[in-house]
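Trainee: Sequence:
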Amino acid sequence: MSIALGFNIMSAICLALMLTIDPIMVGDCYRNKPNQAWFVTSVLGSLTGLILTYLVWCGSVYVGEVESISVLVSTAKDFAFGRGIVMLVVGGLGGQLLLYYFRCFGNKASSATVAMWLATTPIFVHIIMFLITIFVPIDGVATTSVNPTFTVGVVIATMGIVWFERLTGSDAERASIAKENRKDLIMLLVFSVASIILLKQVLHVSEGRPNEWIEVLALMPFYWVGFGVGALVILKGEERKTFSLNWKRRVKYFILPIIFTEVFGMLVFFFEYLGLTELDPALVSIISGASVFMVYGINIKLGGMKREMEVRNIRRRYVMGVRLLARKLPQPSIDTSTIVKEVCAMTLLIIGITFVSLGS
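Heads up, the sequence shown stops at 369 in the numbering used here, and the numbers go up one at a time, no gaps.
The set of hints was computed from the structure by calculation and includes no laboratory data.
Incorrect hints may appear among the rest.
Claimed, not checked - With a Cα cut of at most 20 Å, we get these calculated DMTMM-like pairs of lysine to aspartate or glutamate: (1) 250 / 76; (2) 86 / 76; (3) 117 / 37; (4) 310 / 344; (5) 257 / 247; (6) 42 / 248; (7) 261 / 37; (8) 86 / 221; (9) 42 / 189; (10) 42 / 247; (11) 117 / 221.
Start from the sequences, fold in the hints, and give me the full structure.
Mentor: Below is the structure:
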């Protein structure tokens, strides 16, 4: 469980980086064209996911966890017309949620607003898993804890995350952005909840089996192929024309930051996949939602950079190939009252996770 928890924490860290960089990339590299960002992320995410899967396969053979690559290939073939198809759908759900994710940024939503909506995921995941536990008592179906302590912990932790996020910006500004993006934010939440629950159900079938690790690895390629669903958007003639034009003008000059961003984006889903092999999906969602704390810390750092650039009359700066424009950087305000409230929100999260641990 500790290893799975480590994977989940790594997923949250990568998500925080993704939430910080993607709004910049959508606005600058893709000219607020979410379909272009979705296409590139789907293609590169799928490819890098398959490459990493092969490397993990090789590593598992090297350390003796798997007898040979042929065993994994054979197992994958056995799954092709069963769980493999379901895993294609799961990967497709993960890829589809990115469309609504990028649409929010294309419509000027802040990373904090998107993070807040994602932070509510644990509540909905737990409710659905709780209903499955009560009304679908079938062997092989993943369930959740019905211990009241667990439920209280999920609620408290989610409250802490959402409260912390609400301290980071103007309520009026957030309400305006949320209204403009309401449909996309709701769809983002729906696909996030659906993908994590269905992924848990597919992986749960292997839990406790002698070949559990082999089965988990053998299902990975199906997930990444499904993840590439966004590549289909380029089949539209107008999308091809628009992307080709933007490629010549902008995208080709952002190759390194694009690769950097997409690798971290892929790792969000990769580590989440591994975390769900052992952890309850509600706990996975809570830890992922905690990425808002890291996003906030990064925004403070970027705010300091903004002030420095304004003092020196610098309009742009490059960090690891990503172009940062002073006028687009966040400018968080900090005061004693806010800091006290933030500490209280973080304490709620810690208490909630403690309750979840005790009730699981």
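Trainee: Run through the hints listed earlier and report the numbers of any the structure violates, in increasing order.
Mentor: 1, 11
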